[in-house]
Amino acid sequence: MRIRRADERSERRLEELREQAWRAGRVEAPGVRPSGAPFPKATAETGYYGLPLLKPPTWTWEVPLYFFAGGAAGAASVIAAVSRRRDPGLSRDARFLSAVGAAVSPLLLVSDLGRPARFLNMLRVFKPQSPMSVGAWTLVFFSSASTAAALADLAEERGVAPRLARVLGPPAGLAAAASGLVMATYTGVLVGATAIPVWSESVPLLPVHFAASGLATAGALLELAGNRSRALNRVGLAAAAVETGIGAALEASRRPALEPAKKGWSGRVVRAGGLLSGPLPLALRLLFPRSKRARRFAAASSVIGSLLTRAGWVAAGRVSAKDPRVPLKLPTEID
Amino acid sequence: MSVTGFFTDSTLCIGCKACEVACKEWNQIPDDGFLWSGLSYDNTIELSASTWRHVQFLERSLPVAGARRRESAAWEFHSDVCKHCENAGCLEACPTGSIVRTEFGGVYIQPDVCNGCGYCVVSCPFGVPDRNPSDGRVFKCTFCYDRQRGGLEPACAKACPTGSIAFGPLETLHDRALRRLEELGEQGIRDASIYDASEGSVGGIHAFSLVRGDPRAYNLPPAPEIPTVHLKTAWRSAAAGALFLLAACAAAFAGTRR
Amino acid sequence: MPGLGTSFGRGGATTAQQDLANSDAILIMGSSMAEAHPVGFQWVVEARERGATVIHADPRFSRTSAMADLWVPLRAGSDIVFLGAMINYVLDNGREFRDYVVPYTNAATILRDDLKDTEDLDGLFSGWDPEKKAYSPETWDYRGSPSKKGKAAGHHEATGGHSKDRGGEADELSVFERDPTLEHPRCVFQVLRRHFSRYTPEMVEKLCGVPREKFLEVAEKFTAASGPEKTAAICYAVGWTQHSVGVQIIRTASILQLLLGNIGRPGGGILALRGHASIQGSTDIPTLYDILPGYLPMPTFGEDSKSLAAFIQKHRSRTGWWANFDKYLVSLLKAYYDDAATPDNEFGFSWLPRTAGDHSHLGYWLDMADGKLEGLFVFGQNPAVGAPNAGFERKAMAKLQWLVVREMVETETAAFWREIDVPPEEIDTEVFLFPAAGHAEKNGTFTNTQRLLQWREKAVDPPGDARSETWFIYHLGRRLKERAARERRPRNAGLNALWWDYRTEGRHQEPDVEQILQEINGWTVADRELVSGFADLKADGSTACGCWIYSGVFPELGNNRANGREPAGPYGHGWGFAWPADRRILYNRASARPDGRPWSERKKLVWWDAEKEEWTGHDTPDFAKKKRPGYKPKKKAEGDDALSGTDPFLMHPDGVGWIWVPSGLKDGPLPTHYEPLESPVENALYPRQQSNPAADRKERPGNAYGSAVDDGRFPHVLTTYRLTEHHTAGGMSRPLSHLAELAPELFCEISPELAREIRIRHGDWVTISTARASVEARALVTERIRPLDLAGRRVEQVALPYHFGPIGLVTGDVVNDLVAISEEPNVRIMEAKAMTCRVERSGGTARSDGGGA
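Chains as they are written, first to last, in this note's numbering: chain E, 1 to 335; chain D, 1 to 258; chain S, 1 to 853.
Honestly, the hints are just simulated from the structure, not real lab data.
All residues carry an ideal CB built from backbone N, CA and C; glycine is no exception.
Mixed in with the good hints, there may be bad ones.
Claimed, not checked - Partial list, derived from the structure: chain S residues whose beta carbon lies under 8 angstroms from chain D:
id, residue
1, ARG63
2, TRP402
3, ASP465
4, GLU469
5, ILE473
6, HIS738
7, ALA740
8, PRO744
9, GLU745
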């Protein structure tokens, strides 16, 4: 806990004023905010000694990684379902991708818990008003469905219980896709419906943002795995376009609560992620639709961008929690 | 069983911190560390997993001579605590059902259920619940649920020597607070207000305070919201996102031929 | 304690904390009551809520000032100027409560013609011997009072002051003349007026740094809250006692309260806020060297102590309650020696130890430093941190042969040998550290600041080898007696005669503390029947009583009144037992007019019931229950019978409150302002007497002083204080995490002006130095401490809490290293509340900011 010092800037300014007054006998210049003093103050202008009002998120690296993996997995199962007839190979790949994501996700979440051994307590109740409860159940459902769908494909390929596979496969796939839609979007709700200002004030954006991000990642990973379907390019294009739009909306907003998503180190990460998720892949895919390399670059960019975006938003949340001026509705510092 | 509450009247507080110590002693909470903050006499700094009552100290510039009665007060003390919201963000957010409303109206984290997911931590507009990094679970004021069940008043209220922390049926406390405000007005104190977050989605707090001056100086937010107010917009956006996802895929694969 | 004792008759708070709720004004000075007595302070808050004016006069704006209506910043050490000016204000403006003052005080008493006041002798009274540095108080007597032979009681060099708490063992002060019109030029009232005539609002401004308007506001509000319909109270603590003029500061307040008619009245009085939970008890049944239980004096090697009869003759007064002195002394001796004490051996009077010199804490500690002390027991005290010039005291301990410490933790005192610069190989002291039981682990009583005995029941057994004090003393005594029985020498006579057959219980043979309390209450020797109170005690050896002022606490078997927990009535009778005789407000006869009716309906407390022919009311009357208001004593009457029905201060031989103290205080019959032993300014009132002439500086190597006035090396005034968060010398708070974390570092409160001057920022490390030592602390820059304007001269004040030491969860420098060992003349207390210092940024880099987070 750092010792709170005097308000350095206002103290220096006061000294300057004193010097000037001593020399010139009068001073015509802006002064200082009255809340400055030779010792820390708690006032309506500073809040309680400028100490944070909110608590920062306790989540560590597992959680943004989960957003990334779970979102991609969810989107992948949608791709798998939509492309089932047109491109069975792609569909199968997408199912596997989805299953991998579905396997990794619970591990990440359980690891982040303060008491991992008690992870099953997530299933004690179902609370629709808690996005995390919705998410926990969705994850259970999705993981089962997605794994079952992938296993069904695998079984069919290997000739293991083919009829069972053929019977269970399609409903599993549909279930995975349906719950996958929730997987890809609910995390935006989870993050947005909180008290953290940078998140709660982005609540109309975040679920769409996460959906687009998940879709971009799923498509990109499939592309990077070798799938050259033009549909994937279109999917990537659409996602990048949405990401660009969201980025633009974020930049255009003047609301002080959103600063951590734009300024400082967290803002840099969000912006970098935004660039790599939005304008860059958009440009590459639009301008070089036939270039394999361009597509690979775009895909890689989207994947990295998606990862950075999730990390950035969580980091922005941490920064936002530490700033008491937003929840206290304080004016920003004079410059 | 009536709904009980705390009415913390900071004009009676002498900053003795008996409430902090009584709470820690009763609940066997560990210390926060031994670092001097330099923030007046407040070395506790904030509510946290290991501090459930926090006395705030605000020094104000002394006025010039000739001040009327009580305007020479230049040091305010206020014992902050979990607000036990009528509509509690932490309670709604908790996915394990660990956080419940007790029969006394308080918001209580069941320590045998909590798995430390931390979602309540970001769902409180007052920044109260806090995870203990070595324990893993989240902790906050229990409203002395165990003491209340035994027919006792919470430890902090019992220890408070001046009655600054008043405990009792919520209705009675509300009346008392209003009367106190009038009393203070008669004594010439007109800058006091009741902070009870009653206008807004939080719907009122069971642990409410009377403070002098702007509540923001105490880090009490002027318009706290329960984060569930965002759910509608959020799920709408999620639906839009899902729709987009589906539509984009459908459109993308529409013209495909393998 | 002698301040109150000489003024009113008993050395104890005259009122209870609860009674403050009845005050119309409360002056808190020399105390930060909200911080040091937070639970009692609730009644100050209640008084304020009921409309009382609360005034806090203190160098720093503390948590008490935050709750007050008026904060009066004043210079530490200038209290007598402030209070004296209030007296002057009362007299100048005719605000004294005449109808009270004339009958109930000695304002009308005529003094001798050969008395000279400080106005005549530039700051001295008549009778000063500059060689002996002591007063002979004969000229202070009432005119016409015959003197007793020999040394005036209370003025013996060896004794400290607590025997003066009895206020007037002295002389034949029952013979005197009075002028009820208060006009006679030699009457106390006129001498008082002259004595304080130069204590003006301007002088207050000059010496206290209080603007005259502010002073007048205080004076006006306080006096307006006194009279028949209103009462005002004064609360003080060690901020008044720990001065070289401590007793006289309290005397000034006592005079003020007598003039305003506030003593003995509800919401009035003087509340002495004692320094910890049972210090009152430790002067009642004393751990002080110069008194015996119940404020009886300890014999010396003088003429008066050669025989019991001479001793009684000396210390008994013919009139007033102390006519019973012999009954209490003999009963005490019977309690000590039981059957071994007989009329033939003067009830064992010769077995009592005698004081031969200054055996006060500071006295014997200096002897210790000179190698004259072999061993020391330290129980529940931490002088290595809590004593003045603590560094000197720590070093002195290395001269002991053995040290026994009983404590719950290893304090700095027990570990002194680690904390001093002497290599352990060069220290010959053998240190024994015994684990002590905590307060919930033993039976016993506390006697709190309002004279209230409260029994505590043991809740659990102490852990391991930890034992209670009673266990230790009892078994130590038992072993010493066994040895003394084998070695029958004259010097062991007392031990051999000592009755020590206390019952024990349990597997550790814990003494039965209730039995001890019964002995304190007293019983008739023949049948061990408990007495109902001190009125039952006799001088013929048929009764025994361990402490006469507590008598009545256990009037019959099964009735431990200290354990009473059913309060009834406005003064809580039925909860605990207040000495004497469960009177909660002392001198409450004064709450009624001379004719017995209350002064007013609003302020009725005790009054005469003409039908039942007895005193009645809300409190136990502090008066003979059946004595009519109109009672006039017969010529040769003795004891209480010699006092009239309008004499509320029945401990005094003349039955009145003493504005003028004819005998008993070593530094004067009236308070006089002297500067602290180290001061930035001259004594503007008496330039020829800078500081208290009777105070003892004990100047020697290791106990050096800055110049008495304006030492350029030490330009600021330094005072020490307490935090709520810690407890005295820190032994019971620094090891406890829940307390230690509340105030984890030593800090120094300085004003923003001083901070700017010495170029330090809030949070920097600063070094505070006096002529004794230096300590380092964090700078807490705050507007709550202010430079004072002493008639154009700016003086900074600096304040430090004294709780820290090198051991514990939180540590810090020992602030008492800065304080000098000095002795106030009456009680030999040090001056810890006003001295001079300098403050500067600590050398080298400032230490770290306290770690990351």
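For each hint, the structure was consulted:
1. The interface hint given for ARG63 of chain S holds, since its Cβ lies 5 angstroms from the closest Cβ of chain D, which is under the 8 angstroms cut-off.
2. With a least beta-carbon distance of about 35 angstroms to chain D, the hint placing TRP402 of chain S at the interface is violated under the 8 angstroms criterion.
3. Here the hint on ASP465 of chain S is broken, as its CB sits about 25 angstroms from the closest CB of chain D, past 8 angstroms.
4. For GLU469 of chain S, the suggested interface contact is broken, since its CB lies about 25 angstroms from the closest CB of chain D, more than 8 angstroms.
5. With 8 angstroms as the threshold, the beta carbon of ILE473 of chain S stays out of range of chain D, its nearest partner Cβ sitting at about 31 angstroms, so the hint is violated.
6. A least Cβ separation of about 5 angstroms between HIS738 of chain S and chain D falls short of the 8 angstroms threshold, and the interface hint therefore holds.
7. Satisfaction of the interface hint for ALA740 of chain S is found here, the shortest Cβ-Cβ separation to chain D being roughly 6 angstroms, below the 8 angstroms cut-off.
8. Annotation: PRO744 of chain S was flagged as interfacial toward chain D, and the flag holds, the nearest CB pair being 4 angstroms apart, inside 8 angstroms.
9. Interface hint at GLU745 of chain S: satisfied, since its Cβ lies 4 angstroms from the closest Cβ of chain D, which is below the 8 angstroms cut-off.
When each numbered hint is compared with the structure, violations occur for hints 2, 3, 4, 5.
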